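S.K.: Chains as they are written, first to last, in our numbering: chain C, 14 to 774; chain L, 14 to 300.
Any given hint might turn out to be false.
Stated by the list, open to error - Covered stretches of chain L (in silico footprint by chain C; criterion: 3 or more residues with CB under 8 Å from a CB of chain C, positions within the stretch not fixed): (1) 193-203; (2) 274-282.
Unchecked claim - Over 12 Å on every C-beta distance to chain C, these chain L residues come out as not near it, computed from the model: (3) V62; (4) P185; (5) R241.
By construction, these hints were calculated from the structure, which means they are not laboratory data. These numbers come from a predicted model, not from an experiment. A virtual CB, placed ideally from N, CA and C, is assigned to each residue, including glycine.
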Amino acid sequence: MAKAESFSVIGRPIRRVEGYEKVTGEAAYIADIVLPKMLIGRILRSPFPHAKILRIDTSKAERVRGVRSVVTAEDTIKKPWGAFFADQYPLSVGKVRYVGEEVAAVAAVDRDVAEEALELIDIEWEELPAVFDVEEAMKEGAPLVHEDKERNIAMTIDVERGNVELAFAESDLIVEDTFESTPQWHCAIETIGSVAEYSPNGKYTIYMNTQTLFNARYRVAAALGVRETDVRIIQSAVGGGFGGKSCDDNNALVAAILARKAARPVKIVNTREEEFLAGSRPRVFMKISVKMGFKKDGRIRAKQTRVIADNGAYSAKAPAITGVASLRHDTCYKYSDVKTQAYLVYTNKIPTGAFRGFGNPSAEWAVEQTIDKAAHELGIDPLEIARMNAAEPGYVSPHGNRVISCELKQCIELAATMMDWKNKRANKKPNTGLGLACTVHVSGKRHFGDYDGSSATIKINEDGKALILSGEGEAGQGCYTTMCAIAAEELGIPIEDVEISRADTDLTTFCLGAFASRLTYISGNAVRDAASNVKRQLFEQAAEMLEANPEDLVSRDGRIFVKGAEHKALTVADVARARLFRNGGAPIVASGKFDADSVLQDSTRYGNESGAYNYGCQAAEVDVDRETGQVKILEYVCASDCGTVIYPIGAEGQVEGAVAQGIGYALIEGLKMEDGRPLNPNFSDYRIPSMRDMPPLEHAFAKSYEPTGPFGAKGLGELGMDPTAAVIGNAIFDAVGVRIKTLPITPEKVLKALKEKQKER
Amino acid sequence: MVKFDYLEPETLEEACAFLERDGDNAKLIAGGTALLIWLRMKLLHPRLVISLAKIPGLDYIRFDPNDGLRIGAMVSHREIERNPRVREHYPLLHETFRKVAQPRIRNMATLGGNLCQGDPLTDPGASLIALDAEVTLSSSKGNRVVPLERFFIDYYQTDLHPGEILTEIYVPLPPVGSRWSHIKFLPRSQEDFATVGVALTLRLQEESCEDLRLALNSVAPTILRARRAEEILRGNPVTDGSIRDMAQIASEEVDPIDDNRGSAEYKREMVKVLVRRAAQAALHPTV
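Next up, chain C with everything else stripped away, as it sits in the complex:
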């Protein structure tokens, strides 16, 4: 570990840069955006999980007073689009594949009129047999969601490294089991929405609450059949993303199609029910069979998994997510013999997709419980197994992930100390138990066009304040504050003197956006590079004014001076003005860039996903009520290795929020479906943890420094929810000796397992 630098902004109790506008309610979310002559769009959605559209008659709807446009697939180019596989349309072409799919839409002067018109759209359907279960879908003769996809298989993975057969033969203990995860919704406080307008010049301008602007632009252009520059995406304030606002849904596309036809701006904001039906793409359901071989002392010798993942009706990010679930966790512990087979399967349900964790929570739910099983069977403390197998700096995973900084072992120690693990384990009380699990996550992921970079521009205004122009966007997670802190630190100015622009694809350079815990590391590096380039210009000018060499200058608190001669300092404003207001003057402005030193996975999925890997260990103490099956988390601890902590309050918020979502995933959440129809698409019935459901939570950040990160920083945002379900599952086993294998862990399941266990005796 490199020595931590001493910072003047980074790691200090800095305030959120857009905090005031949010706490005063002034931040403009999609609902707040109103354009002149704007119409309201509403979408007609499929009531069937699988049906042919024989005929659509929109004539009655078009005649409703106040209706300005009615659109169907006939108003589109009918070319499929998608993040990895092009298989979905903005409006259904020929058939629908899930309940909630967009079939037609209306733009009208208000919502009432639009909804009245929707009811007048006449559709003749032919219902088709549908398939909902992944294993049913893979059988010969199952209904085909997409006719050209045999056995509904969208993608397979078949990877072996080393010699798994031999490694199992050399194992002293082999543990096998199968675990099922659950789809989980993001439940962001703001639903997906957009306001689209179309100019006669042929350009679409779309206000979106997206977390990935340029990906949105690319997909809108592809789906509408125009060039990227014909689409301008402007980010509104975003009320939470968590992966759900990464533009795999059709909201903005439908708004754009309506806007063009109506020649008026159109706003569409999903209702909460629409958000559950066809909005944010829920976490991919997976059934994961794990087989692991261990040496007597607890060392992991071999790992084999079989993953069946539910793609839903169309492919959003599930292909990449299935890859992560199959391979990523092999970067957490040291072993070389692994084999994984995965199937991504179409079903007649909402497409699944990106959600904080991106395949990791499902995989860790299975693998970390398998390791825990082995620990109990070998009679070794699970803490020891984690410790002895933990990845270390310099580790190269069997799939090529190259680990630079890694403080997993420190995280394990921190978690053990916070939990008082040894002591509690030695003094175990009846019906209480301890569980832990470890995780690894990336800081950016190289998969879009072999680029995992970022860029930013910084200009110094004549008053000495810096403005960052960035297209990465802020989805509520606090990355703006992180970027401003990094710029302030590099420039030697107070963070109050740094501003950041709204993200707008016309005004900023290309940025991939918020996913894969990438912004602190990737865009942080780009911002730092831009700041360093700007600083060079400042120092050149200041050197001239101070009659010194630029190399001898330092900047601190907004003042530039020759080292050791602080009394003769210039302000940044003095320097910026002097550079601009003179014959031949110029503003101070520079761009910066960064692309991670990672390697795109090849056809065998060998590569190096990310420039840096973040690690964590979590532990829980639970109490299980044997009569009700209720699980109470008595204490939860979470240790994270995210390198240098740039923005402490933001980092804490990420950890706490992630653990809360992890607890929801573990114990509460899940959509009930009957014949492809969601039964609880609302917050009365789909519960997420509230503040009062949070257990006492203690967390710590490992002392860590990532040499390739900005000031030593790595990613953090997803790490906190990756292992949570497994942690709780393991703690339940320790408490009462039952292993729950499907999520969520309801009290009913626990009670049933307890009874079965009693019967066995």
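Mind docking chain L on chain C? Use the hints.
M.R.: Then chain L, alone, in the frame of chain C:
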């Protein structure tokens, strides 16, 4: 959105008249915490919504040591929760209202609105039944007093006649030596509806149970009083065995459904566990 006319009458008589005139097409609104959800979900399509907000004299909490507690229908859950007299003389009510939803809802939701909704998932009804509460139903024909126990008729159905407005909730003085307990079983989230709710009042004479009331919510089409279960204990010695028998009968008396909070079978079993625990808690209060 649902379109409707909205009226704010200033007297009870006026409100009753509107209600009588428009019958099923009219809905009353008090705190709105239930009605607005139903409107948004398009489960109701009233042509007229009549607010009770401007009618004076429906928002009192009066305690008289010789009479008992009288609560106006428009009193919010939060006011009942925070009322010192309620807390002192009706700790079961304080405990129950404290657990309803969360403060934002409790500040808006009224007791009258809650009872008239007839939602079997909500908490106040069970505790009020356990305290022998009565409700006053007013209309142009005058007032009618109904024991709360008989007010709940079916799933979201009450004994309110057309044109009637619930105006007052009366809770008699708990008998001297009355014990109580309340369990809101919330395995999913603290802000959920109860998977099972149990309210119990009980009086002992020596080792025997002189009298008791056992009411349950979330486990039948209505909030219900488990009379058959009560009979096991009433007048009999209170033992672990008799408590278990009572809990067993209660679990047979309920009629739960499968939903997001658990299967019918699970809820029935939880009634057995939680009624037993409620009885033990009433006998051995920890506070």
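S.K.: Run every hint past the structure and note whether it holds.
M.R.: Each hint tested on the structure:
1. 193-203: It holds, with 5 qualifying residues against the three required.
2. 274-282: Result for this restraint: holds, n = 4.
3. V62: Since the minimum Cβ distance to chain C is about 17 Å, L:V62 lies beyond 12 Å and the statement holds.
4. P185: Label holds. Min Cβ-Cβ 33 Å, cutoff 12 Å.
5. R241: With a cut-off of 12 Å, L:R241 remains clear of chain C, as the shortest Cβ separation is near 22 Å.
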